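A.B. asks: Residue-level listing of the chains:
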Amino acid sequence: MKLVVLMKRLPDLVEDLEVDDSGKALDAEFLKFTLNEFDDHALEEALLLKEATGGELTVVAVDGEDVDKMLYTALAKGADTALKISGTGEIGSTSHLARIFTQSLADRSYDLILTGVQAADDRDGQLAPTVAAMIGAPCIEVVTGIEHEAGKLIVRKEYSGGVLAEFDVEPPAVLGIQAARQTPRYAPVSKVRQVQESATLETVTLAADTGKSFDIIRMTPPETGAGAEMLGGVDELVKVMESKGVL
Amino acid sequence: MGNDILVVAEHLGGTLSDTTFELLGMAKKLASQTGGSTVAALIGGDDTMLSQLGAADLVVRVGGGEIADFNPEVHGAALEAVVAAKQPRIVLIGYTSMGMDLASHLAVKADLAAASFAIGIEAGDSVVVTSQLYGGKMNVTTDLGSGPCVVSVLAGSAPADDGRAHGPPASEDLAVPPTAGKIRFRRLIEPEAGDVDITAQDMLVAIGRGIGNKDDVEVAEALAEALGAAVAGSRPLIDAGWLPKTRQVGKSGLKVSPKLYLALGISGAPEHIEGMKSSSTIIAVNTDKHAPIFNFAHYGMVADLFDVCEELTEIVEEKKG
Ligand SMILES: Cc1cc2nc3c(=O)[nH]c(=O)nc-3n(C[C@H](O)[C@H](O)[C@H](O)COP(=O)(O)OP(=O)(O)OC[C@H]3O[C@@H](n4cnc5c(N)ncnc54)[C@H](O)[C@@H]3O)c2cc1C
Ligand SMILES: Nc1ncnc2c1ncn2[C@@H]1O[C@H](COP(=O)(O)O)[C@@H](O)[C@H]1O
Chain H
1 MKLVVLMKRL PDLVEDLEVD DSGKALDAEF LKFTLNEFDD HALEEALLLK EATGGELTVV
61 AVDGEDVDKM LYTALAKGAD TALKISGTGE IGSTSHLARI FTQSLADRSY DLILTGVQAA
121 DDRDGQLAPT VAAMIGAPCI EVVTGIEHEA GKLIVRKEYS GGVLAEFDVE PPAVLGIQAA
181 RQTPRYAPVS KVRQVQESAT LETVTLAADT GKSFDIIRMT PPETGAGAEM LGGVDELVKV
241 MESKGVL
Chain P
1 MGNDILVVAE HLGGTLSDTT FELLGMAKKL ASQTGGSTVA ALIGGDDTML SQLGAADLVV
61 RVGGGEIADF NPEVHGAALE AVVAAKQPRI VLIGYTSMGM DLASHLAVKA DLAAASFAIG
121 IEAGDSVVVT SQLYGGKMNV TTDLGSGPCV VSVLAGSAPA DDGRAHGPPA SEDLAVPPTA
181 GKIRFRRLIE PEAGDVDITA QDMLVAIGRG IGNKDDVEVA EALAEALGAA VAGSRPLIDA
241 GWLPKTRQVG KSGLKVSPKL YLALGISGAP EHIEGMKSSS TIIAVNTDKH APIFNFAHYG
301 MVADLFDVCE ELTEIVEEKK G
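Top line first, the protein sequences correspond to chains H and P. Counted the way the numbering used here counts, the first sequence spans residues 1 to 247. Counted the way the numbering used here counts, the second sequence spans residues 1 to 321.
In short, the hints are calculated from the structure, not lab data. Owing to the predicted nature of the structure, the values given are computational and were not obtained by experimental measurement. Here a beta-carbon is modelled for each residue, glycine too, at the ideal position from N, C-alpha and C. Don't take each hint at face value.
[To be verified] Think about it this way: if two alpha-carbon atoms lie no more than 27 Å apart in a straight line, the pair counts; the simulated DSS-like pairs of lysine-lysine are:
hint, chain 1, residue 1, chain 2, residue 2
1, P, K319, H, K239
2, H, K239, P, K259
3, P, K182, P, K109
4, P, K29, P, K86
5, H, K50, P, K289
6, H, K152, P, K259
7, H, K191, P, K214
8, P, K109, H, K244
9, H, K2, P, K259
10, H, K84, H, K69
[As the list claims (entries may be wrong)] Where chain H lies over chain P, by a calculated footprint (3+ residues, C-beta under 8 Å):
hint, region
11, 26–37
12, 42–51
13, 77–89
14, 107–118
15, 129–136
[What the hints assert, rightly or not] Sample of chain P residues with no beta-carbon within 10 Å of chain H, all distances over it, derived:
hint, residue
16, G2
17, D101
18, P148
19, A165
20, P168
21, A170
22, D173
23, V176
24, P177
25, A180
26, G194
27, D215
28, S278
29, D288
30, G300
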């Protein structure tokens, strides 16, 4: 099976996020980037599928700070090819990113495209269903299990309360991965460094494309409103619990 | 394009979701802003569901029992047909597992402007949407322009009661459009019961990724035992196998509303908040003073959860002798 994983970096949400002077965007100066955690699960699921059924795994990402390291890490984990897309300019939205990915894959053949179920900056939609609609492929979001059997895929989708639905899907297809069957594997730094010296990243250069841009009016941290009353210590916490009759 | 607001009615196992009613309430308000009416799309539904959609001025029914089980391909094509027939100004879809299969698909196929993670919508000359992005750390307000659009709305963004009205609304039928049959529904798989029912507990000690590693789950278990509470958790802990699936709180887990929800090392992503925000008292402990959980908790403490667990366990054990 020919597998493709679409990867994207996101600001690390554990860090403080600040709005820049325009009032419409994050202040880039303080941003630390990481791979979208759901893309990491998509990569893990793709690696497991490759190990189970053979085949070839290509990872794709748009160029940017730390993207080389992200792609080399995927190679160190077992991807066969890493494709870096450059020349695109700033990515303005999910639909813009989806168009760039579909253009970069236009001459390639694949059976299955996997990516994360969502990204924390999905202002205008999710990548998997957007890419799927653009290329006319079937798509399922919130996937937590994939089996490959006799040319078709058996896919598990999660609803709420732990209820799952199972579907047969005919490839080529696009799946939005919520969680891989196992925790995403770790690539030791030494292995990544070794791959960095021996492997090369393929690059595709696309013409700059400004994308369909929606006007962002403003970006603000959520108002705390009647937010939490902050407690100074465990003694205060105990008092609150007593006053609520739970202790 | 007309001025109508179209709501996609969502159902699982024969029951309409709360999200459907939240969206209907929202749609009625928006329809009064646009001067249009409220239309619901009921795909693969039945007469009982129809009779619960009285808040809509019109229900467009596509198919019935033969497509009762959600299928992204079939339901996606059905929704496209409803939108082509009704030309609404705004399509509202829940940001749910099913909604995620529909909204972006529709945006591309019907060439609609789109917004995701929405918590608020205003319709004037243009449609202005506020989305909760970056795991709840930023609200972003976007102008979707004066054309038609589709908005995926986070659960709990509007009261469901505003969208509940009985009495059968006017309805019309639309044929199920043909599809290529690339996706076939096989079956539903219900979760296994047998563990503690976290929805029936008065007190939950809920832990998140801040717990750091599997062995330290014990620390929370010790506190829960002292308190007579049960341990619950955020999704990443369940995915990692540190807690069973039955303990998951949130969008794809369970909705809980205990007397006390003690959230330890949970950031407060919208998908988690959805499952616990109606708890009577929420106390959050997090080392990040900007963690979004503090926007939803009644009480907060910027502290290391291990320090809090240790001290609190001791105090509780002492009190109880
Ligand atoms: C379709 C879908 C469904 C989902 N369903 C659910 C769901 O049902 N339930 C759910 O929870 N999530 C769900 N998620 C995942 C959700 O988006 C978040 O990824 C998840 O809630 C984050 O969990 P967390 O808060 O434990 O982890 P993180 O976001 O990583 O937060 C960990 C927090 O711990 C704090 N911390 C670290 N160390 C300490 C310490 N020593 N003491 C105190 N604090 C510390 C950090 O500051 C941080 O705020 C879903 C996602 C999708 C896409
Ligand atoms: N109720 C609250 N909700 C969320 N964050 C808070 C709250 N109170 C204080 N903080 C955070 O703590 C930081 C310091 O606030 P202060 O105590 O006002 O100096 C602020 O920047 C807030 O981010």
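A.B. asks: Say whether it holds or is violated: V176 (chain P) keeps its Cβ farther than 10 Å from all Cβ of chain H.
C.D. replies: 17 Å, holds
A.B. asks: Is the nearest Cβ of chain H still more than 10 Å from the Cβ of D288 (chain P)?
C.D. replies: Answer for D288 (chain P): violated, closest chain H Cβ roughly 7 Å.
A.B. asks: Between K239 (chain H) and K259 (chain P), is the straight-line Cα distance small enough, at 27 Å or below?
C.D. replies: 15 Å, holds
A.B. asks: Quick one: see if chain H covers the region 107–118 of chain P, three-plus residues with Cβ-Cβ under 8 Å.
C.D. replies: holds (count 8)
A.B. asks: With 10 Å as the threshold, tell me whether G194 (chain P) passes as away from chain H on beta-carbon distances.
C.D. replies: 12 Å, holds
A.B. asks: Minimum Cβ separation between G300 (chain P) and chain H greater than 10 Å?
C.D. replies: Not fine: 3 Å to the nearest Cβ puts G300 (chain P) too close to chain H.
A.B. asks: Is the nearest Cβ of chain H still more than 10 Å from the Cβ of D101 (chain P)?
C.D. replies: For D101 (chain P), whose nearest Cβ neighbour in chain H is about 5 Å away, the distance does not exceed 10 Å, so it is violated.
A.B. asks: Assess, step by step, whether the Cα of K2 (chain H) is no farther than 27 Å from the Cα of K259 (chain P), and give holds or violated.
C.D. replies: 51 Å, violated
A.B. asks: According to the definition I'm using, a residue is off the interface if its beta carbon is farther than 10 Å from all beta carbons of the partner; does A180 (chain P) meet that for chain H?
C.D. replies: 8 Å, violated
A.B. asks: Beyond 10 Å from chain H, beta-carbon-wise, is G2 (chain P)?
C.D. replies: Its Cβ never comes within 10 Å of chain H, the nearest being 22 Å, so this holds.
A.B. asks: Can we trust that A170 (chain P) is non-interface, i.e. its beta-carbon lies farther than 10 Å from all of chain H?
C.D. replies: 30 Å, holds
A.B. asks: Given as covered by chain H, does the region 42–51 of chain P meet the bar of three residues or more with CB within less than 8 Å?
C.D. replies: That given contact is violated, which follows from only 0 residues of the region 42–51 of chain P lying within Cβ reach (below 8 Å) of chain H.
Figure legend: structure checked against the earlier numbered hints; hints not met, in rising order: 5, 6, 8, 9, 11, 12, 13, 17, 25, 29 and 30.
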